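Q: Could you put the whole structure together from the sequences, leaning on the hints where they help?
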Amino acid sequence: MSATDPAAVPGTVPGRPLSLDPSLAPPGSRDFRDAGGIPADRWHADQNQETLVPTHCCFCGVQCGMYLRVDRHGKVFGVEPRNHDINRMRLCPKGINAYQQVNHPDRLTAPLMRDNRDQEFREVSWDEALDRTVAEIHRIRTEYGDDAFGLLGGASLFSEKTYLVGKFARVALKTRHVDYNGRLCMVSAAGANKLAFGIDRAGNPFSDILLTDCLLIAGSNVGECFPVMTQYVWGARDRGATLIVVDPRETAIARTADVHVALKPGTDSAFFNAVLNVVVAEGLTDEAHLAARTTGWDEVKRTVAEYPPSRAARICGVPEEQIVQVARMFAGADRAMAWHARGIEHHSQGVENCLTVINLCVATGNIGKPGAGYGTITGQGNGQGGREHGQKSDLLPGGRSITNPEHRRQICEIWGIDETELPAAGTSMMEMVWQMQRQEIRGLIGICNNPFVSLPNYATVKNGYDTLQFHAQFDFFLSETAANAHVVFPVTVWAEDEGVMANAEARVVKHNKAQEPPAGVRTDTWVLCELARRLGAGDKFAFPDSRSVFEELRVASAGTVNDYYGITYERLEQTGGIAWPCPTTDHPGTPRLFEDGRSYHPDGKIHLQTVEWHPPMDPYSEEFPLSLTTGRTVAHFLSGNQTRRLAGLVEQTPRPWVEVHPSHGFRNGDPVRVVTRRGSEVFPALVTDAIRPDTVFVPYHWPVPTAANALTIDALDPRSKIPEYKVCAARVEAAERIDEVPAPPTSPGQPAYPEAQVSRTDPLPPTSPQGRGTAERS
Amino acid sequence: MMGRTIFIDPGRCIGCQACVSACRECDSHRGKSMIHLDYPDEGRSVASLPTVCMHCEDPVAPCAEVCPADAILVTPDGVVQQADTTRCIGCANCVNACPFGVPKIDLQAKLQMKCNLCYDRTAYGLAPMCATVCPTGALFYGTVEELRAERPGVQVADSFTFGTTTVSTGVAMVVPADKVQWPVPGGLPVVEINGKDVR
Amino acid sequence: MTEPPQTAEPTPPPGGPAPASGATDPAAADPPPQSPGAVRRRASLVGAVVSALLVVAIVLGSRLLRDFDSALLPYAVATVFLAFGVAYRYTVWISAPGARRLFRKGWGSFFSVANFRSAPTALPRMIATYLGFQKFLGARSHARWAAHQLVFWGCLLAAAITFPLTWGWFTFTSSTGSGPGYEMRIWGFKVLGFDSLNIVGWLMFHGLDIAAVLVIPGAGYFLWRRMKDRGAITGQRFAYDLVPLLALIVISVTGLLLTFSSIFLHGGGYEFLAVLHMVSVVFTLIYIPFGKFFHIVQRPAAVGMQLFKYTSRRKDEGGEVFACRRCGQPVDTAPYVENLQGTMRDLDLGFADWAEYCPRCKRVLRGTAYLDHVKKGFK
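Chains as they are written, first to last, in our numbering: chain A, 1 to 778; chain B, 779 to 977; chain C, 978 to 1356.
Any given hint could turn out to be false.
In silico BS3-like pairs for lysine-lysine, Cα to Cα no more than 27 Å straight-line [what the hints assert, rightly or not]: (1) A:Lys540 <-> A:Lys174; (2) A:Lys513 <-> A:Lys540; (3) C:Lys1353 <-> A:Lys264; (4) A:Lys75 <-> A:Lys513; (5) C:Lys1353 <-> B:Lys974; (6) C:Lys1205 <-> C:Lys1269; (7) B:Lys974 <-> C:Lys1352; (8) C:Lys1205 <-> C:Lys1112; (9) C:Lys1269 <-> C:Lys1112; (10) A:Lys264 <-> A:Lys301; (11) C:Lys1205 <-> A:Lys75; (12) A:Lys194 <-> A:Lys301.
Don't read these hints as lab results, they were simulated from the structure. Note that this is a predicted model, so its numbers are computed, not measured.
A: In structure tokens:
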């Protein structure tokens, strides 16, 4: 027997004599090119005088604890598991590789500037970059008004910085146009939480999952997006809990679930209404609880009566019996719990989808008890904290509403400004892009976001940003968006500053500083304060560090629902995390909400809301019969600006793919063009039975021409303004050639770290959505 | 027989490859990952299988037995060590003889490398990197009693069949409590390849 | 430092005939492995013969002990023990199934006339690459390569000088005292005449000092690394990993001090240093067969192995590559796989057929079997 293709045999070069060392070894047993971006012989394990700095991961909303290993020269060089009670030493591949960002060769270390987008960037001094930015702000405000300058923040920033973003916009820029990339992430859940409970956070801590008898996970690929949370899911099952997963794809947790509801994308509210319909019909509701603690139950009951399982089965494309089974399993359990994520939130009825899940939990009395409750899993590290303190267009610190006169007065008092100076509510991130296209916004500062990859309908986004007269961006790697800007400010990574984040449980955790930033790099806090000073608002921004910002944040949140007053840096260091509300410094925090049965509405009741299902905004047609849904893969994070530079992660998943059911007739690796009304792109096919035949999936971490978001629709939920990432109409067709993944952008004259980019151009799809098996790495 | 060792449960594995990245962080072979993560049900499901060295006990370490240079040592605690750097001649006998497909070889360095149960950590009582970070407990390090404390009633098996041969190992697999399959099938004899019956 | 208490090397199972399944395999025609007792007896015999031959060679080479320097007697005795030990260990080593088969294949390729004709330069090039310049060490780490080269050439130089000297094979005679007229003789025959005061003379007399200067930084680096590098520290054993380095350093330092003593101290402390030096050398020589230094004897097997693989690959430029029976990816050369299967049958490992599948397919097949027969999912 001989090898199928001798040319592929290592050590043999066709037409050349056999090398003196023609050794070969089977695939997967001979490759060590996964040295985490550093050639293996340059790795050193001779760090005898290391210190371990306790901190948390910079990535997702689980906020796993970790130690950063710091060598005797004060440089971060590794990671060590930390027995923090969120993650109990567990880490996912992103978390393990996170430290490699800190001293990565692609880091920006000097401000970049150019006069227009046709020029190359040039490195300039901080003064030059700041002066130019301030001059442009002045010019645009003078010519077009204060609201013509916008500010976009991010939910991977520490809470202190998100607070500063909001304050900077309102006090220094004096613009109404401020929003943040959490708008693309968890705002639907936030909207639903506010409507139903009057408080915006998960009801229960992760540890309650271990106590539940039935766990329902809707629209969350926990195994890939929140891998470390899986230990709670499995822990619950070890103790006998049943698991229900609602997801169009058979993900890692869906694969072994007791019930996997593989519904059609965009039909979640029909499904949950039908489940509640069965619960009502079978008398499994907790009527006493409903009568005492809720409003609107009769209306909800009337609405769900319109959703018998037969109707929902038709809409959702799932068997009728499965709906009944889920209803009995969930409502029949002593303690049941529902967690959801972007799968049901990224919809034009995202808020309503979340409300249907809340309705189900509340109707069955599963709220505010150990092992019984409800939660949303935030996607970004500070997805929870980032939306609380005023960088959202309609919110002020402490979750206050910018339209509420009392709230406005309180904040103006704290900030020391006149009430007339405080701008009105702004618009959402996607709407701001449309305003850029219409030239209503002419200048923009972006901090910690990458909309060129993360916003839907790339053509529109690019057009909006290109129309801007001035665009500055803060980042530590040159993102695709920053590469299109006029000024780029190099700022710190998370390990170079301290600050707090709130995880998916609303537990506030403290990140510690592990190393000094490289020369030329400043903290976001410094840059914002310096800009404010030059804009004449220096007295309101005299913050030397994160701690001083946090002190003001504590005061600003005191007495609100999102009360941080009792949380101090010292307490966080002692306890490892405190869940807000925490009104006093001797308050233990509030890991579980509603234990007394009261919501945070003035009447103390849970306000149930009726929901009618409607089809997704992008209509299906003969031309576009399939659903395109998008999501994450485990090795990458959001827009990929961080993870697409880390070799271990690039090796695991070098490129995006399109996941299709075998019924479409493609073979694995075939070039497949995915066409929607917004555009078309060619991906290698990952053919698998683990997806619905009427649905295709593309992960979204890569830029054009391999960007899922060049295909998605910029339709928004009317309330939360979240884009409908999770469903749009599409078709697939055979293509000639696969679109190649571009290298991540870098400073002029500096190529993206080559060791990390070796496998980027590999044309094959991964072995499985989680990545390439260790033996399939070319 | 079983002291502190790794217990593997592919049923819990989510295929995230945290173990693969973590293995690289182990100081005794920094930068080189020894663990294997395969997706054996490719095209049908996302099922995954992590493979660490099973530390064979009987027959004692086939890799060491086939080694022509006596390079693979088995320490008295049952850990099959990776090849001694001074002795290994890079012949790959261990790579191809191992019934579990574990050892790797650096062809340029003429050196075999494999999972040594993170000897730099386990020798100090720490868990190996992979089992420390594994988000799901698919890789668990400890005693069988510690495992049972976390997962009541769990059963484990530490032997595998390869054709007519049974290999018992230091590392064990989790098997269902209700239908204990013991020993665990090792894949040989091969009955079917790519849908074709090859018996 | 992690120091496991003791190391148990796996011993081959007690000899037994190759399993019947191997009957069709040509390799099964080989004699079955011998019992440990038989191996020990044979090894002792070989050791005795080799050391006897060395004694004869010493006697003859020193012109019936006329040139033998009795002051060096302990060294000479140590080399005889060394010869016995190396021969004994070598014989035991190549009696193990894996080594025995590779030994045959390696030497078979070495002595093959056809091989020599088709690729006359292959063997010398391999020897230079693997034994001389040790390129493979560079792939492990450049610093380790450099340090090893220092130690290697230093030891080689020292051995080339001292062994013949202690055996009385080299003699230096002078008709004039110091100065010109020095003669170096091997087995009594003059091979070189030189002036002890010029550079050649200096080099001749300070060869061992040069060797020491090479060895000290090399061994020093390795010792430092063994204190610092966590990869090296893992599983490190004092007797196996540190003693050889310490021995090399002690030998080199005492050797240099001898020179220092004779030049600058007029022989002060010479006696003590000489004894210390001798003890460390004798210890090291006797240690060679049993510890880390045995790799010096084993390493040429790498050339044998490489030559065997090279030859099998050459036969048909890739046509001899054995492909995995499931995925078709190359495993190794066909003669290699056949040889490995023979070894596995010798060892009574009942899964020799398994070697026809690549490691990934073995894992995938095992994973599939687990999914199909043990459990599909969580429960």
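Q: With reference to the structure, classify each hint as holding or not holding.
A: Results for each hint:
The suggested pairing of A:Lys540 with A:Lys174 holds, with an alpha-carbon distance near 13 Å, which does not exceed 27 Å. For the hint pairing A:Lys513 with A:Lys540, the CA-to-CA distance comes to about 25 Å; that is within 27 Å, so the pair holds. For the proposed pair C:Lys1353 and A:Lys264, the alpha carbon gap of about 25 Å is at most 27 Å, so the pair holds. Between A:Lys75 and A:Lys513 the CA atoms are separated by roughly 11 Å; this keeps the pair inside 27 Å, and the hint holds.
At roughly 22 Å between alpha-carbon atoms, C:Lys1353 and B:Lys974 fall within 27 Å of each other, so this suggested pair holds. Note on C:Lys1205 and C:Lys1269: the hinted pairing holds, with a Cα-Cα distance of about 20 Å set against a maximum of 27 Å. For the given pair, B:Lys974 sits about 23 Å from C:Lys1352 by alpha-carbon distance, which is consistent with the 27 Å threshold. Taken as a hint, the C:Lys1205 and C:Lys1112 pair is honoured in the structure, with Cα atoms around 24 Å apart against an allowance of 27 Å.
For the proposed pair C:Lys1269 and C:Lys1112, the alpha carbon gap of about 20 Å is at most 27 Å, so the pair holds. At roughly 24 Å between alpha-carbon atoms, A:Lys264 and A:Lys301 fall within 27 Å of each other, so this suggested pair holds. Distance hint between C:Lys1205 and A:Lys75 is fulfilled; the C-alpha atoms sit about 18 Å from each other, no more than 27 Å. A distance of roughly 21 Å separates the Cα atoms of A:Lys194 and A:Lys301; the hinted pair therefore holds under the 27 Å criterion.
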